[in-house]
Amino acid sequence: MEPNVAILIGFLVLMVSLMSGLPIFLALTLTGFVGIGLLEGFGMLNNLGYLIWGAIFKWTLLAIPGFVFMGAMLFHHGFGRQLYDTCYKWLGRFPGGLLISSTAMSALFGFISGSAMAGVATIGSIAIPEVEKRGYDRKLSLGAFTIGGTLAALIPPSVMMILYAVLAEVSLGKLFFASILPGLLLSGLIILYIFLRVLFNPALAPPSPSFSWAERFHSLIGLLPVIIVFLVVLGGIYIGVWSAIEAASAGALFSVVLCLAYRRLNWNGVKESLYMTVRVCVMVYMILIGAAFLNHFIYIAGINDMLSNFINSLDISKTLVMVCILLIMTALGCVLDVIALMMLSIPVFAPLMADLGFDLVWFGIIVISSVELALITPPVGVNLYIIKDLAPPDTKMSDIIWGVLPYILVVWVFFALLLFFPEIVYWLPSTMKH
Amino acid sequence: MFANTLDTLLRYIDRANVFLKWLSYLCLGFILLVMGYEIVLRYIFNSPTKFAFESATIAQVVLVSLGAGYVLREEGHVSISLVTERLPARQSNKLTGITSLIGFFMSAWLTYLLLDSALFSWKREEILETLSIPVYPFKFLLVLGLAFLSLQFLVRSRQYFNKGKN
Numbered sequence: 012m013e014p015n016v017a018i019l020i021g022f023l024v025l026m027v028s029l030m031s032g033l034p035i036f037l038a039l040t041l042t043g044f045v046g047i048g049l050l051e052g053f054g055m056l057n058n059l060g061y062l063i064w065g066a067i068f069k070w071t072l073l074a075i076p077g078f079v080f081m082g083a084m085l086f087h088h089g090f091g092r093q094l095y096d097t098c099y100k101w102l103g104r105f106p107g108g109l110l111i112s113s114t115a116m117s118a119l120f121g122f123i124s125g126s127a128m129a130g131v132a133t134i135g136s137i138a139i140p141e142v143e144k145r146g147y148d149r150k151l152s153l154g155a156f157t158i159g160g161t162l163a164a165l166i167p168p169s170v171m172m173i174l175y176a177v178l179a180e181v182s183l184g185k186l187f188f189a190s191i192l193p194g195l196l197l198s199g200l201i202i203l204y205i206f207l208r209v210l211f212n213p214a215l216a217p218p219s220p221s222f223s224w225a226e227r228f229h230s231l232i233g234l235l236p237v238i239i240v241f242l243v244v245l246g247g248i249y250i251g252v253w254s255a256i257e258a259a260s261a262g263a264l265f266s267v268v269l270c271l272a273y274r275r276l277n278w279n280g281v282k283e284s285l286y287m288t289v290r291v292c293v294m295v296y297m298i299l300i301g302a303a304f305l306n307h308f309i310y311i312a313g314i315n316d317m318l319s320n321f322i323n324s325l326d327i328s329k330t331l332v333m334v335c336i337l338l339i340m341t342a343l344g345c346v347l348d349v350i351a352l353m354m355l356s357i358p359v360f361a362p363l364m365a366d367l368g369f370d371l372v373w374f375g376i377i378v379i380s381s382v383e384l385a386l387i388t389p390p391v392g393v394n395l396y397i398i399k400d401l402a403p404p405d406t407k408m409s410d411i412i413w414g415v416l417p418y419i420l421v422v423w424v425f426f427a428l429l430l431f432f433p434e435i436v437y438w439l440p441s442t443m444k445h
Numbered sequence: 023m024f025a026n027t028l029d030t031l032l033r034y035i036d037r038a039n040v041f042l043k044w045l046s047y048l049c050l051g052f053i054l055l056v057m058g059y060e061i062v063l064r065y066i067f068n069s070p071t072k073f074a075f076e077s078a079t080i081a082q083v084v085l086v087s088l089g090a091g092y093v094l095r096e097e098g099h100v101s102i103s104l105v106t107e108r109l110p111a112r113q114s115n116k117l118t119g120i121t122s123l124i125g126f127f128m129s130a131w132l133t134y135l136l137l138d139s140a141l142f143s144w145k146r147e148e149i150l151e152t153l154s155i156p157v158y159p160f161k162f163l164l165v166l167g168l169a170f171l172s173l174q175f176l177v178r179s180r181q182y183f184n185k186g187k188n
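Line by line, the protein sequences give chains A and B. When you read off a place in the first sequence, starting at 1, and then add 11, the result is the number in this note's numbering. When you read off a place in the second sequence, starting at 1, and then add 22, the result is the number in this note's numbering.
Check each hint, because a few of them may be wrong.
In the DSS-like style, the derived pairs of lysine-lysine whose C-alpha atoms are separated by at most 30 Å in a straight line are [stated by the list, open to error]: (1) 187(B) to 69(A); (2) 185(B) to 116(B); (3) 144(A) to 399(A); (4) 145(B) to 399(A); (5) 150(A) to 399(A); (6) 282(A) to 43(B); (7) 116(B) to 72(B); (8) 187(B) to 72(B); (9) 43(B) to 116(B); (10) 399(A) to 185(B); (11) 72(B) to 43(B); (12) 407(A) to 150(A); (13) 144(A) to 407(A); (14) 185(B) to 43(B); (15) 282(A) to 69(A); (16) 145(B) to 69(A); (17) 282(A) to 399(A); (18) 69(A) to 43(B).
If you are wondering where the hints come from, they were derived from the structure by calculation, not from laboratory data.
All chains, full assembly: derive it from the sequences and hints.
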C-alpha cells in the first residue's frame with residue numbers, strides 16, 4: 012500500500028480509538044499494528060515482539076519510580092499544605108495576593124509532585140473557598156488556578172521531562188536545569204499579569220490581611236523540607252555529585268527520612284505513595300510500549316522525511332516553522348491528552364528540529380510547555396474539569412474557559428521570549444560541572 | 023451455568039491482580055533499596071557495585087508487568103473520556119465494554135508477541151550484559167503480567183456490559 016494512504020488510515024484509527032475511550036497505550040499500539048500491517052503485511056507483526064521488551068528495559072527510565080515516590084511521599088504526608096501557608100504569608104499582601112501566592116505555590120508544588128493534576132486539585136481545593144470568601148473576580152481566579160497546574164511540568168523533576176529525555180535521547184540532568192529559568196519565567200509572567208490586572212482594577216481582588224514579619228519568618232519552617240530535598244536532588248546533579256537517576260533514588264530515600272524526622276510517617280501515606288508510583292510507572296511504561304509500535308510505523312512510512320521535504324519546499328524561516336509547530340500542537344492539544352500529544356509530537360517533530368539546527372534540549376522545554384496547554388484547552392483539558400468540580404455550583408464551564416484564555420496568551424508571550432532569547436534555556440545548563 | 027462459571031473465573035482473575043499488586047510494590051521497594059545501596063557504596067565507600075543498575079532495571083520491568091492488571095482494575099490507565107462522558111450512562115457503559123473487549127484482544131496479541139520473543143531468548147540462551155544471567159525468566163514474567171492485564175480487560179468488559187444492561 013502507498014505510504015500516504017497508510018498514514019491517512021493510521022491517523023483515522025488513532026483518532027477513532029482515542030475518542031472511543033480506549034486506553035492511550037492501546038490506541039498507540041493499535042495504530043502501530045494497523046500501519047505496519049498495511050505497509051509490510053500483518054504477518055510481519057509476529058517479528059516485532061522485541062519492541063515490547065526494548066521499550067521498557069531502559070535504565071534511563073529508573074528516574075521515574077524514584078522521583079514519583081519522592082513527590083508522593085512528601086505530598087501524602089502533608090508537606091504541600093505548609094507550602095501554601097508560607098506563600099500566602101509572604102505574597103498575600105500584594106494586589107491579587109491570594110492568586111499570586113497560589114501561582115507561586117503551583118510552581119513550588121511542581122517540585123513536590125510532578126503531576127499537574129495533583130497540583131491543580133490541591134491548590135484549587137485550598138484556595139477556591141478563600142477567593143470566594145474574599146470576593147475575588149471569579150474568572151480571573153479560576154483562570155489562575157487552571158493555568159497554575161501546568162507549571163508543575165516545567166519545574167524539575169517532572170515525568171514529562173524524563174519521558175522527553177528518553178524519547179529524544181537528551182541528557183536528563185541538562186533538561187532539568189534548562190527548565191528552571193523558563194519555569195520561573197512563566198510563573199513570573201503569570202504573576203505579573205495578575206498583578207497588573209488588579210493594580211489597574213482593584214475591584215477584581217480586594218486586599219488580603221497583612222502578616223507580621225515574625226509570622227512570615229516562622230512560616231519559612233514549612234519550606235525547609237522542600238528546600239532540603241531540592242538541594243539534595245538538584246544540587247547534587249548540578250555540582251556533578253550524581254546522575255539524575257541516582258538523585259531520584261536518593262530523593263526517594265531522603266523523603267522517607269524527612270517523613271520520619273517530622274514524625275509524619277504513616278502507613279496510609281506510604282500505601283498511597285506506593286500505589287501512585289506503581290500507577291504512574293505502569294501508565295507511562297505501557298504507553299512507551301504502544302509508542303514503540305507507533306514509532307516503528309512512523310519510521311517505515313517515512314513520515315519524518317516527508318515532513319522534512321515539505322518544510323524545505325516551503326522555503327520559510329526556522330522561526331516560522333517553530334511557530335507553525337506550536338500552532339499545530341496547540342490545536343491538537345484541544346482534542347488530545349497530554350501524554351498522547353507528547354508521544355505523537357516527539358518522534359515526528361524532534362528529528363525535524365534537529366535537521367533545522369534547533370537544540371533538542373531547548374525544543375524539549377518548548378514541547379513540554381506546549382503539551383501542557385492540552386490540560387487547559389477545551390474540550391479535553393483535564394484541569395478545566397477539575398476546577399469546575401471544585402468551583403461553586405453556579406459556576407459555568409464558559410466562565411472557566413473565558414477566565415483561562417488571557418493566560419493562554421501569557422503562555423504565547425512566554426513562547427516568544429524563548430524563541431527570541433534562547434539563552435533563557437541554555438544559560439543554567441552551561442554552568443553545570445558535568 | 024456458563025455465565026456463573028465465567029463470573030467465578032473472572033472474580034479469581036480480579037483477586038489475582040490485587041495480589042500481584044503487592045508483588046509490584048515489593049519490586050518498587052527493591053529498586054529503591056538497591057539504588058540506595060549503590061549510592062552508599064559508590065559515594066561513601068568509593069566501591070560501586072556492578073549489579074545495581076541492571077537489577078533495578080529488571081525490577082522496574084517486573085513492577086510494570088505485575089502492576090498492569092491492578093492499575094487497570096483501578097481505572098488508572100489514561101484514556102480520553104470526551105465521548106464516553108457525553109453519552110447516556112447505558113451507551114457509555116456499553117462503549118467501555120466494547121473498548122475493553124478490544125483491549126483484551128490487543129493485550130492478548132501483545133502477550134503472544136512477547137511470548138514468541140521470550141521463547142526466542144530461551145532458545146538463543148540470551149544473557150543479561152552485567153549480571154550474566156538468562157533474560158528469558160524475566161521476559162516470561164512480563165508475558166505473565168501482560169496475560170493478567172488482558173484477562174483484567176475481560177473482567178472490565180464483563181462489568182461494563184452488566185452495568186449497560188441495568
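Against the structure, the hints:
| no. | hint | verdict |
| --- | --- | --- |
| 1 | 187(B) to 69(A) | violated (44 Å) |
| 2 | 185(B) to 116(B) | holds (8 Å) |
| 3 | 144(A) to 399(A) | holds (17 Å) |
| 4 | 145(B) to 399(A) | violated (56 Å) |
| 5 | 150(A) to 399(A) | holds (12 Å) |
| 6 | 282(A) to 43(B) | holds (11 Å) |
| 7 | 116(B) to 72(B) | violated (52 Å) |
| 8 | 187(B) to 72(B) | violated (57 Å) |
| 9 | 43(B) to 116(B) | holds (28 Å) |
| 10 | 399(A) to 185(B) | holds (27 Å) |
| 11 | 72(B) to 43(B) | holds (29 Å) |
| 12 | 407(A) to 150(A) | holds (10 Å) |
| 13 | 144(A) to 407(A) | holds (18 Å) |
| 14 | 185(B) to 43(B) | holds (26 Å) |
| 15 | 282(A) to 69(A) | holds (26 Å) |
| 16 | 145(B) to 69(A) | holds (23 Å) |
| 17 | 282(A) to 399(A) | holds (29 Å) |
| 18 | 69(A) to 43(B) | holds (22 Å) |
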